[in-house]
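For the protein sequence lines, the chains are Z and V, in the order given. By the working numbering, the letter at position 144 of the first sequence is numbered 447, and the numbering carries on one by one without gaps. By the working numbering, the letter at position 285 of the second sequence is numbered 1437, and the numbering carries on one by one without gaps.
Worth flagging that the hints you see were computed from the coordinates, not collected in a lab. Please note that a few of the clues may not be correct.
Looking from chain Z toward chain V, a few residues come up when the C-beta cut is under 10 Å (computed) [said to hold, decoys possible]:
hint, residue
1, Thr334
2, Ala341
3, Ser380
4, Glu383
5, Arg386
6, His387
7, Pro394
8, Ala434
Covered stretches of chain V, going by a simulated chain Z footprint (3 or more residues, C-beta under 8 Å) [as the list claims (entries may be wrong)]:
hint, region
9, 1263 to 1277
10, 1337 to 1344
11, 1464 to 1473
Computed from a predicted structure; not experimentally measured. Glycine is no exception: its CB is placed at the ideal position from the N, C-alpha and C atoms.
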Amino acid sequence: MNAQLQPTGSAYFLTDLGNEVETHTLSVVVTNEPGVLARVIGLFSGRGYNIDSLTVSETQHEKHLSRITIVTTGLPSVLEQIRHQLDRLVPVHQVADLTVEGGDPLERELALAKVAGTGEARLEALRLAQAFGATTEDATLESFVFQLAGRPREIERFIDLMSEIGLVEVSRTGIAAVTRGAEGIK
Amino acid sequence: MTREMTGAEMVIQALKDQGVEHIFGYPGGAVLPIYDELFQQDQIEHILVRHEQGAGHAAEGYARSTGKCGVALATSGPGATNMVTPLTDAMMDSVPIVCITGQVPTHLIGSDGFQECDTVGITRPCTKYNWLVRDVNDLPRVLHEAFYIATTGRPGPVVVDIPKDVQFAVGTYEGPQNGRARTGYEGYRPQVKGDRDAIRKAMDLIATAKKPVFYTGGGVINSGTAACQLLRELVRATGFPITSTLMGLGAYPASDKQWLGMLGMHGTYEANLAMHDCDVMVNIGARFDDRITGRTDAFSPNSKKIHIDIDPSSINKVIRVDVPILGDVAHVLEEMVRLWPSVSHQVDKTALKSWWSEIDHWRSRDSLRYRPNDKVIMPQYAIQRLYELTKDRETYITTEVGQHQMWAAQFYGFEEPNRWMTSGGLGTMGYGLPAALGVQVAHRDALVIDIAGDASVQMTMQEISTAVQYELPMKIFILNNSYMGMVRQWQQLLHGNRLSHSYSEALPDFVKLAEAYGAVGIRAEKPDELDDAIREMINVKRPVIFDCVVANLANCFPMIPSGKAHNEMLLGDDVPEQEMSTAIDEEGKMLV
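Let the hints inform the model, and build the full structure from the sequences given.
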């Protein structure tokens, strides 16, 4: 979906689009209860916002708090609106725009890539995996499953290269992100 | 208090503890235990509607005319889905509603059981919050939380979905304030007090404005009568002009000389031009809706904008503002009124005077003028007469949606808040009749009138039966032009006068229909019989359907065609056919 064509909460389009679209990483701390994820993603689909990546897991068991990490793309005004709309949801405890607040937040992702092939392709796959620091989690005579954790861009590059060689399938966790330094968002 | 009881008893007990006196509902299999408890008490009066949508709108009317929370009760499946329209309506217009729905027993959830639907899933986007209660011991907390969330912050509808086995199960009931936090959601903390620095900055802007305007909305009314009182104080102290959205009518008295009338698509010439030309705009509890702004890139181009709103997502959503103030209107206004004397010396009285003379010039254009007719009743005339003959009574007005709604907003003068109930955001045809029901339940002795259209009124007509059953003497005043007038007006503007399916063919005889329901039917067809007929309507202490036969083809002006700016209004008396058909350009046609 093109964020530039998003209506801004009315039937009218903001004609002054201002600056370029930006990609931001949001951390959303929510009460872990049934339906909470549906509320968050329903907000995105209902209002026409983008989700590039979504990761969710309970992070504070004793308080039943989950942390949802969302990577989203939009105009600065739309990103601001997303933050306020999220904040308005009752089970949302906190919304932090890590890209704004954290400067350069740490963003990491894990991927499992299944690569099949024999002969030279198989050797090349292994060499590439080594070069990227991926681990071999499963091997047969004609396949490997590699695990790679790292920056999303690195994973992207790894997958691009592997698809040249014989990528069968890939599963990615989505992005986990925290800010640098001693301060936490909570 | 803490006591063992069934889930169904808890529902009734919680309603009592929350001070609920009336609920609107319709029984069914999945709420029978709750209905059984209702039967065994007489503290809460249950109003049996004819369709769940009626219960929802009645609860809305009840809430908006009292400032309290409205309560609706429906069964699972179709009962819940019929509630979706009023819930969405309440969401858009920020009306506090607690809707309790029955659900199939927990062991049947997900099995496509009889009258099962995913109520929390369906109502998630149209409620402020909703709960499916699977454990009876959670029920008291959830019920109290439901009232708290519905009524605090920006108010809105909530749904509590209770499976039938949970209604039968026994658990421990706790009262609303049993030493617990009001809600388990730490993140839910509506900001009530405005930021002092922002308020001070706003006051400096206000004091030094040369062409100021107050633009107020439904948020003032939601904030309560104190907010309306403070608004009046501030507006009078400053001497500034004030206009309001559809939702905000009544917060400021329409008879006051500083009142410009409603603004927006069908607002007055002076209100819209004041908005367009002002240098400081003070938005109090309004949300820059598209019916208000018109073309956003041409909206009030030269003004500094102050925006007071309790909902942070309303700020900078459509229009960028210069001074946002997050908080409850009453709290912020209190601070503003307190600060005014310390800044009022900066006021440029000469500038203000010339601003008013500019406004008076626009006013003299008399944009609501229409051509009188002594043969047929003009719809505007009907509202004017209705106003003149009812203004000295305690009168509450509800409306449906369409031309009649805009004429009511333009020609009925509201002096007090909570007297005007209309579906603004969602634009729900069929809102007014059941809403009037709810208003009349809350104000038994008041005069409650639903100003309706011949098409809208048929959407929820069945609720007249409810009015008859409960002896609610509400009046349905139908401006009958045999058309879906607003649809037709747009077809004239946009679609070459091809009136596709906007003629009300096969209309019922409303007088006979009233009689069939056991209500009173009155018809007026000529201007000279209108006053007597309205008096008769007022004097009958029973529900009345008033069939006011009006000019068929009258249109609602002034109008800002979609895609146009405030200073590009169409005025009623000078719109030739040709201009009508070209008023909206290609780009505007895409808009609603």
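Hint check:
no.	hint	result
1	Thr334	holds, 6 Å
2	Ala341	holds, 6 Å
3	Ser380	holds, 7 Å
4	Glu383	holds, 6 Å
5	Arg386	holds, 9 Å
6	His387	holds, 4 Å
7	Pro394	holds, 6 Å
8	Ala434	violated, 45 Å
9	1263 to 1277	holds (count 4)
10	1337 to 1344	holds (count 4)
11	1464 to 1473	holds (count 7)
Checked against the numbered hints given earlier, this structure breaks only hint 8.
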